[in-house]
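Visitor: Sequence:
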Amino acid sequence: MTLLSNELTHMSIKIKRQSLMGDSTSKKKVKKREAPKSRVQSQSSSASQSQTAKSSASSANNKPKKGLWFTIAFFALLAIVIPKPKMISYQKLNVVGTSIYWSGFLGIPATILDSDLTLAGEIEQGKIYLCDDINQNVGCQKYQIVKEEGFISVISHLISD
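Numbering of the sequence shown is given in the UniProt record's numbering, commencing with residue 1 and proceeding in unit increments.
For the record, the hints were derived by calculation from the structure and aren't laboratory data.
Hints may be right or wrong, so weigh each one.
As the list claims (entries may be wrong) - BS3-like cross-link-like pairs, simulated, lysine-lysine; straight-line CA separation at most 30 Å:
hint, residue 1, residue 2
1, K142, K92
2, K84, K142
3, K147, K84
4, K86, K142
5, K147, K86
6, K84, K127
7, K84, K66
Using the sequences and the hints, build the whole thing.
Guide: Structure, rendered in structure tokens:
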């Protein structure tokens, strides 16, 4: 029982905590209150603060608008510069085919998007050649261009399929 009573007394002893930064009983600095300012000074300072807040808010609002306008201008420029696909109808021996033609851009050759054949010739001349292998010029078929349609017909063709 003595062991148990020693444990109880030992548990009842409270341990003092030490502070890590030094003596915890040190006095804190007391802030002195500044003398109250006159009303005129406080009103002028509040007016200047409100003006600076308005100017900073307006400049903050202009930054996102400028960024938005730059991105809109960038995408508009891309839409103008990059060639749009066309819907072409071509025929050979009274058999008519319809395909999407893209004229190419920055070194990418012109192509018919729904065909594995290689395109040779220009649409502006009214005839195109579709070849199995463009390097050998063997297996090329000549087609006559019947009709060209714009970008809207390409979109409607893609939606309908």
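Visitor: Report the numbers of all earlier hints that the structure fails to satisfy, in ascending order.
Guide: Per hint list: zero violations.
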